[in-house]
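There are 4 protein chains.
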Amino acid sequence: MQIGVIGSEVCPEKFRDVAEEVGRRIAENGAILICGGLGGVMESAARGAKKAGGTTIGILPGFDRYEANKYIDIAIVTGMSHARNVIVVRSSDALIAVAGSYGTLSEIALGLKMKKPVIVVKGCPWEIKGVIVAEDAEDAVKLAIENIKSSQQRLDPSA
Amino acid sequence: MQIGVIGSEVCPEKFRDVAEEVGRRIAENGAILICGGLGGVMESAARGAKKAGGTTIGILPGFDRYEANKYIDIAIVTGMSHARNVIVVRSSDALIAVAGSYGTLSEIALGLKMKKPVIVVKGCPWEIKGVIVAEDAEDAVKLAIENIKSSQQRLDPSA
Amino acid sequence: MQIGVIGSEVCPEKFRDVAEEVGRRIAENGAILICGGLGGVMESAARGAKKAGGTTIGILPGFDRYEANKYIDIAIVTGMSHARNVIVVRSSDALIAVAGSYGTLSEIALGLKMKKPVIVVKGCPWEIKGVIVAEDAEDAVKLAIENIKSSQQRLDPSA
Amino acid sequence: MQIGVIGSEVCPEKFRDVAEEVGRRIAENGAILICGGLGGVMESAARGAKKAGGTTIGILPGFDRYEANKYIDIAIVTGMSHARNVIVVRSSDALIAVAGSYGTLSEIALGLKMKKPVIVVKGCPWEIKGVIVAEDAEDAVKLAIENIKSSQQRLDPSA
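Protein chains in written order, with my numbering: chain A, 7 to 165; chain B, 7 to 165; chain C, 7 to 165; chain D, 7 to 165.
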């Protein structure tokens with residue numbers, strides 16, 4: 007499983023622990039963390055995943071591998087600015103949004119367009135039609151995994 | 007001026023005339039119409055622009071120039087699927103949204119992220135924080151042009 | 007018809023007239039000029055097309071419409087750096103290369119990969135297998151148009 | 007280190023072992039293997055890396071994670087067709103080409119444009135100006151690593 011964590015580059019303090027716990031729980035469930043590779047929510051989530059021994063992928067907007075935060079194992083360097091948001095979304099089996107501004111909203115919208123499960127942790131300003139609202143980090147990762155499994159079951163007639 | 011018109015590929019009937027009028031008024035104001043090049047709102051807007059003798063650009067998601075609707079003068083073929091949304095937004099000095107689903111929301115969010123004027127015609131489901139709501143097609147194009155001019159003035163110290 | 011002109015951003019002096027003549031002849035044949043929108047070969051070709059009253063499209067690598075050279079009518083702003091090369095190639099029915107360095111070679115290779123006619127004007131360092139070598143600007147545009155027509159005929163069983 | 011392996015989707019039989027050995031030696035040297043994620047050279051190289059316990063990244067052109075070959079650990083799904091070539095190149099500290107057709111040539115050209123070390127194993131048809139020719143798989147990986155190290159030294163004044 008590859009789970010994407012999306013959220014703003016400057017993470018409001020009260021969401022830092024949430025983002026870190028989301029990352030940690032993704033790793034504890036054996037899933038790979040996909041994110042945009044920069045600071046804020048992306049960095050907190052990646053830190054959480056690394057503390058739990060997980061694998062972290064940063065899909066970077068710029069030209070340089072070294073713009074990735076220090077918790078990123080593998081840097082994908084796109085040089086495509088916001089178009090990398092599309093790749094973050096497409097590469098994730100489910101998305102979890104923590105806080106977030108307009109960039110995050112573009113990813114939520116793309117996730118819904120591509121019919122991916124989009125989980126939004128309470129407090130994110132974008133509780134729009136189609137998203138699944140989670141109470142907290144634990145709930146968010148649980149919902150992400152449940153939704154990935156049920157969508158895979160729908161695809162597999164033998165299940 | 008390059009003005010982008012965004013909205014769903016299947017245009018609800020009551021918005022067809024709105025989209026067409028938006029296109030017509032863009033052309034009458036001497037601006038170039040940018041859109042995603044496919045059907046629905048994109049096609050109605052392009053038809054309106056062509057009726058008024060304007061120029062229409064379609065930035066296509068697929069691989070084939072001939073997927074453009076018949077009112078497109080110049081087809082930009084990206085082969086990049088939803089990542090072409092980023093190019094529609096970046097190439098526009100202002101955006102006007104008519105109706106629209108999640109794809110349109112991703113473009114509205116990217117427009118706001120890039121600090122472009124984003125005009126939303128009443129009835130579009132995405133009247134989110136940051137957009138400018140227009141009463142109708144005439145109002146939308148007027149607001150787009152006013153906002154482009156005032157943002158250009160801010161950039162030009164001699165004005 | 008949309009014909010792409012590719013070549014280096016710094017055009018060796020002896021190729022400036024060639025690039026301008028290629029642009030002029032594209033316009034005289036009623037085709038639209040597609041290019042990367044910057045300086046060098048792209049600017050010379052666009053200047054030629056405008057002198058002959060043609061239409062010029064610049065598919066820009068950066069973030070700003072105003073990085074286009076002054077002969078560009080319509081600026082497509084990708085913000086995707088070299089990935090815009092793919093869009094230049096895909097949007098062109100045929101490609102004409104004048105001089106050119108590694109960026110041009112990447113476009114020649116992509117053009118051949120997509121089975122487009124790729125015309126290379128003598129003196130371009132990349133006379134590789136699969137390209138069609140032209141003696142001069144006149145020959146290049148003639149070969150481009152002939153090859154576009156014959157590939158369209160192959161697609162049209164009624165022809 | 008992230009080393010990219012590029013080459014055709016249908017690998018000529020005599021290059022299969024070369025590609026596999028390149029992958030294996032990349033992993034044995036503790037580097038991550040980046041590739042396009044599909045069959046042919048990409049699959050042979052990824053198989054080699056996995057046999058040696060390495061990590062493999064596939065940057066896919068299409069829309070589906072499951073188009074990756076079975077030796078890919080992490081699938082980056084771009085939905086951008088050939089534009090993903092740019093991402094393969096940008097994400098690699100050095101590139102090694104085995105056999106390869108026009109797609110591979112576009113990657114070699116982009117690598118040289120971005121001033122990356124581009125190693126070409128003898129027998130690849132694109133021994134163009136600027137590439138470093140390697141005798142065999144062992145030599146290729148050795149040259150890739152040496153060149154990465156020396157380019158990093160140039161960037162680090164304390165070295």
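No lab work stands behind these hints: they were computed from the structure.
Here the structure is a predicted model, which means the values were calculated and not measured.
Among these hints, one or two may not hold up.
Because identical chains cannot be distinguished in the list, a pair is counted as satisfied if it fits within a single copy or across any two copies.
[As the list claims (entries may be wrong)] Subject to a maximum C-alpha distance of 27 angstroms in a straight line, what follows is the list of computed DSS-like cross-link-like pairs (lysine-lysine):
1. Lys128 with Lys20
2. Lys135 with Lys76
3. Lys135 with Lys119
4. Lys121 with Lys135
5. Lys135 with Lys56
- Message: When Cα atoms must be at most 27 angstroms apart, do Lys128 and Lys20 count as within-copy, between-copy, both, or neither?
- Response: Within one copy, since 12 angstroms is at most 27 angstroms while 36 angstroms is not.
- Message: If the cut is 27 angstroms between Cα atoms, do Lys135 and Lys76 qualify within a copy, between copies, both or neither?
- Response: Neither: 35 angstroms inside a chain and 33 angstroms across chains, both beyond 27 angstroms.
- Homomeric proximity label, Lys121 with Lys135: Cα distance no greater than 27 angstroms: both (13 angstroms within a copy, 24 angstroms between copies)
- Could you figure out if Lys135 and Lys119 sit no more than 27 angstroms apart (CA to CA) within one copy, between two copies, both or neither? For Lys135 and Lys119, both the intra-copy (12 angstroms) and inter-copy (21 angstroms) Cα distances are at most 27 angstroms.
- When no copy is specified for Lys135 and Lys56, does a C-alpha distance of 27 angstroms or less occur within a copy, between copies, both, or neither? For Lys135 and Lys56, the Cα distance exceeds 27 angstroms both inside one copy (33 angstroms) and across copies (35 angstroms).
Checked against the numbered hints given earlier, the structure breaks hints 2, 5 and satisfies all the rest.
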